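Q: With our numbering, letter number 155 in the sequence shown gets 155, and the count goes up by one each step, no holes.
Bear in mind the hints are in silico, worked out from the structure with no lab data behind them.
Incorrect hints may appear among the rest.
With a cut-off of at most 30 Å between alpha-carbon atoms, the simulated BS3-like pairs for lysine-lysine come out as follows [said to hold, decoys possible]:
| hint | residue 1 | residue 2 |
| --- | --- | --- |
| 1 | Lys12 | Lys157 |
| 2 | Lys28 | Lys135 |
| 3 | Lys104 | Lys28 |
| 4 | Lys104 | Lys17 |
Note that the structure is a prediction, hence the values are computed from the model and not measured.
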Amino acid sequence: MSIEQEFRDQVKEHLDKLSADIQPVLQKLIEYNYPKEVVSLDFEIFVDGFTQEFPVRAFFMDSDNSEHFVYVDGQAEYPSPVDPGLLEIEHVYPYELEEEFTSKDDELDPWNVATEELVAWFSKCWSEVGGQSFKLRANIAPHDSNHEFNLIESKWKERW
């Protein structure tokens, strides 16, 4: 088994431990009645998140591809039933896991590997709580990527 595959397996194992935590959060997002201005949920994966927090954040986008907020007593708030950070955790996996595998293979790109595994896991969790019936658009992508994964159709597409 390759070093990359071993790392993938470890990442999958860590992500699977979070499934029971993320599924109720995703279900609330799927079932929520959004303001008419919100046309898409965009989930972005941030580079430092795997070893420091949960790397995915939700954005509530309007038809101009701008973040939409609702105003309550003059304060901007997310139109969301959950915190846009989704999960408040210390990390998906410890930094030492990346160190262990990059010391075995200095060409291993742990962030890209972990991101690929996260998209597959997130999509599976989304589907398991009824995501295919979601009435708006929903995508997940690495931050500033040209590609995004369509969670409704379960496929990659060009972004923008």
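Q: Given the hinted pair lysine 104 and lysine 28, is their Cα-Cα distance within 30 Å?
A: 41 Å, violated
Q: Compare the distance between the alpha carbons of lysine 12 and lysine 157 with 30 Å, and conclude whether the hinted pair is satisfied.
A: 23 Å, holds
Q: Compare the distance between the alpha carbons of lysine 104 and lysine 17 with 30 Å, and conclude whether the hinted pair is satisfied.
A: 25 Å, holds
Q: Assess, step by step, whether the Cα of lysine 28 is no farther than 30 Å from the Cα of lysine 135, and give holds or violated.
A: Holds, at roughly 14 Å.
In this structure, the one hint that does not hold is number 3.
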